[in-house]
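Each residue of the sequence shown is one higher than the one before, counting from 22 in the numbering used here.
Be aware that a few hints might be false.
With a cut-off of at most 27 Å between alpha-carbon atoms, the simulated DSS-like pairs for lysine-lysine come out as follows [unchecked claim]:
#: 1; residue 1: K110; residue 2: K140
#: 2; residue 1: K45; residue 2: K24
#: 3; residue 1: K24; residue 2: K140
#: 4; residue 1: K154; residue 2: K105
#: 5; residue 1: K164; residue 2: K45
#: 6; residue 1: K140; residue 2: K164
#: 7; residue 1: K149; residue 2: K45
The set of hints was computed from the structure by calculation and includes no laboratory data. All values reported here derive from a predicted model rather than from experimental measurement.
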Amino acid sequence: MVKERGEKVVATNRRARHDYAIEKTYEAGLVLTGTEVKSLRQGRANLTDGYAYIDGGEAFLDAVHIPEYSQGHWTNHATKRTRKLLLHKEEIIKLSHAVAAGGYTLVPLKLYFSDGRAKVEIAIAKGKREFEKRQTIREREDKREAERAMRTRNRLGE
């Protein structure tokens, strides 16, 4: 069997980048059952409601929806079960200190396969207020308009 190379993205959490200010990201492995891996390889997952937490010196990912495998039978997994994250001890300590300091949470940004292994990108994030969200949207639209104006100006100048 040929070993997989590269990165194949299964799901992204675009809502997290809108709702949170991302401070730092970490790559973590996932402890999965066989039918979960097969379901992910079909490209089916939802990170929207997901979050991570630290408990007893271990990291866990909760409320991430991985649907049941279509060809599975009685060994199928629960769709929203708690899954263990594989991180180094130092990373877990850093994450727990950041969350304990207050105002920060751990959110999953991306679920993907890296060289055939399931990984999740989690971030230390701080919640945005409503006016901060509007300001981010306004800045993005202003940048887009400026780029559009530069393109039309460059075309007319040629």
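*Hints the structure fails to honour*: 2, 4 and 6
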